[in-house]
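Asks: Top to bottom, those sequences are chains L and W. Note that the working numbering has the first sequence beginning at 1, numbered continuously upward. Note that the working numbering has the second sequence beginning at 1001, numbered continuously upward.
Keep in mind that the hints were calculated from the coordinates and are not lab data. Since the structure is predicted, the reported quantities are computational estimates derived from the model, not experimental observations. Heads up, a few of these hints could be off.
Facing chain L, according to a computed beta carbon distance under 10 Å, are these residues of chain W, among others [what the hints assert, rightly or not]:
no.: 1; residue: Val1026
no.: 2; residue: Lys1028
no.: 3; residue: Phe1107
no.: 4; residue: Pro1116
no.: 5; residue: Trp1125
no.: 6; residue: Thr1128
no.: 7; residue: Arg1130
no.: 8; residue: Phe1137
no.: 9; residue: Gly1138
no.: 10; residue: Asp1140
By construction, the Cβ of each residue, glycine as well, lies at the ideal position given by its N, Cα and C atoms.
The lines below spell out each chain.
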Amino acid sequence: MNNYYQVSASYDDVGNILSITRRGLVPDANCFTPQEIDRMTLVYDTPSNRLLRVGDLAPTPYRPYGFKPGVSPSAEYVHDNNGNLTFDPHKGLMMQYNFLNLPTSIGAMSLTYDATGRKWKKDGEFGEVEYDNGVEYRDGVLEAIYAPDGRLVAEYPSGGNRSEGDISRFVAEYWHQDHLGNTRLAFADFNEDSFIEIKDNPSTGENELEITQESHYYPFGMGHMGHGMLLLLQRIGTCSMVLKEMKTWG
Amino acid sequence: MVDLPDCSPPTPEEGCQPPDLGCTEVEKQEQEASLAQIYNAICNMDAGDFTYPLTIKLIALCDGSTAYVPDTLMSMLEGPYLLLDEIVVSSPSEQIDVVITKRRPLFAMHFDRYEPNGNIQRLRWKVTGRVVKFYEFGYDPLNRLLSGNYGEERLASPTDITPLSI
Chain L
1 MNNYYQVSAS
11 YDDVGNILSI
21 TRRGLVPDAN
31 CFTPQEIDRM
41 TLVYDTPSNR
51 LLRVGDLAPT
61 PYRPYGFKPG
71 VSPSAEYVHD
81 NNGNLTFDPH
91 KGLMMQYNFL
101 NLPTSIGAMS
111 LTYDATGRKW
121 KKDGEFGEVE
131 YDNGVEYRDG
141 VLEAIYAPDG
151 RLVAEYPSGG
161 NRSEGDISRF
171 VAEYWHQDHL
181 GNTRLAFADF
191 NEDSFIEIKD
201 NPSTGENELE
211 ITQESHYYPF
221 GMGHMGHGML
231 LLLQRIGTCS
241 MVLKEMKTWG
Chain W
1001 MVDLPDCSPP
1011 TPEEGCQPPD
1021 LGCTEVEKQE
1031 QEASLAQIYN
1041 AICNMDAGDF
1051 TYPLTIKLIA
1061 LCDGSTAYVP
1071 DTLMSMLEGP
1081 YLLLDEIVVS
1091 SPSEQIDVVI
1101 TKRRPLFAMH
1111 FDRYEPNGNI
1121 QRLRWKVTGR
1131 VVKFYEFGYD
1141 PLNRLLSGNY
1151 GEERLASPTD
1161 ITPLSI
């Protein structure tokens, strides 16, 4: 049990989370070291039980990791009468909602829905993204087609035009999801050899790796940082190069 | 969501049991002894003694466990073994943390212990190329999640069964 990513929490009588502490790997000169990154206290409004304030008392150098207190750490969250969050002091974001209680703006991003609550459009610094029955367009050009276990990503010639007639191929990207629906691993057979390459061959200049994303999570949410960054040579230095892994088969 | 591979019962396609190497007791003991020698040899080497690119073999042993052994020391290994995979480290500074076994799923997750009331005590998961990671959960009397202790399944040496902490 190395407890790199340990978590603990406490509650009040009605089940509100009063505190969360988290450990995590943070970058340092030697790569990453495990540190306490969050020691959060949560304060609620009575009798609404809406979240008012979150403080983070983790050691100063590590406080910006995990929960980010931001520029005004003691400011309060603001909600509208329906309980929707309208101001997040730590992120400095204002939110607005429509009559379905769906967000129509989050900071500089605006979102458009129809009367049934289906999302059609998202506008922001990333451009204009439109959705139509699982098909995603970015700035008017086809970006990807979504399915329950993955998506088809449109590829365009590099440096060329980005219009639908220019699509060179669709790359199928697949997702492994966990019981909560989080995507934990994404992969794609880029070179179309029917085999998913799980490592890069260092003797070639190309990147053969076909795992495009992996995610690990804390029990109360938030992704882990720093996986796969341990130095193998640290192990050689500590005589443990011959690693036996029990339960590899179990 | 895909079905999570479980070890009971193993499917024919994705067996959870190691292949039977058919080792005799004598072979098992010889293999254990040779692993200890490899271990000692590594302890007497400095990082600079390795030449790069360094190839490291992942092998299945008589006792069903797996081990990483540098290619240059494989000749010291006694007894039957099964080569599962190899990784190549191109320089001493390469950052790597790899456990690769072939024919394993790219992602697998398993709730493998429960309290009598159904609370999950342990969650194990593995992404290809990484060690098995797990959380062990603690609950209060109202069944609220109190803590998640994190660990990785990895052993320090052939004789030491304490999980390695780096």
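Asks: Determine for every hint whether it applies to the structure shown.
Replies: Results of checking the hints against the structure:
Checking Val1026 of chain W against chain L by beta carbon gives a least distance of about 21 Å; that is not within 10 Å, so the hint is violated. For Lys1028 of chain W, the interface hint is violated, since its Cβ never comes within 10 Å of a Cβ in chain L; the closest pair sits about 14 Å apart. Of the supplied interface hints, the one on Phe1107 of chain W holds, with its beta-carbon coming within about 4 Å of a beta-carbon of chain L, less than 10 Å. Because the closest C-beta pair between Pro1116 of chain W and chain L is about 21 Å apart, greater than 10 Å, the hint is violated.
Because the beta carbon of Trp1125 of chain W sits about 8 Å from the nearest beta carbon in chain L, less than 10 Å, this interface hint is met. With 10 Å as the threshold, the beta carbon of Thr1128 of chain W comes within range of chain L, its nearest partner Cβ sitting at about 5 Å, so the hint holds. Because the closest C-beta pair between Arg1130 of chain W and chain L is about 6 Å apart, less than 10 Å, the hint holds. Taking 10 Å as the C-beta cut-off, the interface hint given for Phe1137 of chain W holds, the closest approach to chain L being about 7 Å.
The interface hint given for Gly1138 of chain W is met, as the beta carbon of that residue sits about 8 Å from the closest beta carbon of chain L, less than 10 Å. About 7 Å separates the beta-carbon of Asp1140 of chain W from the nearest beta-carbon of chain L, less than 10 Å, and the hint is met.
Hint check: violations occur at hints 1, 2, 4; the rest are consistent with the structure.
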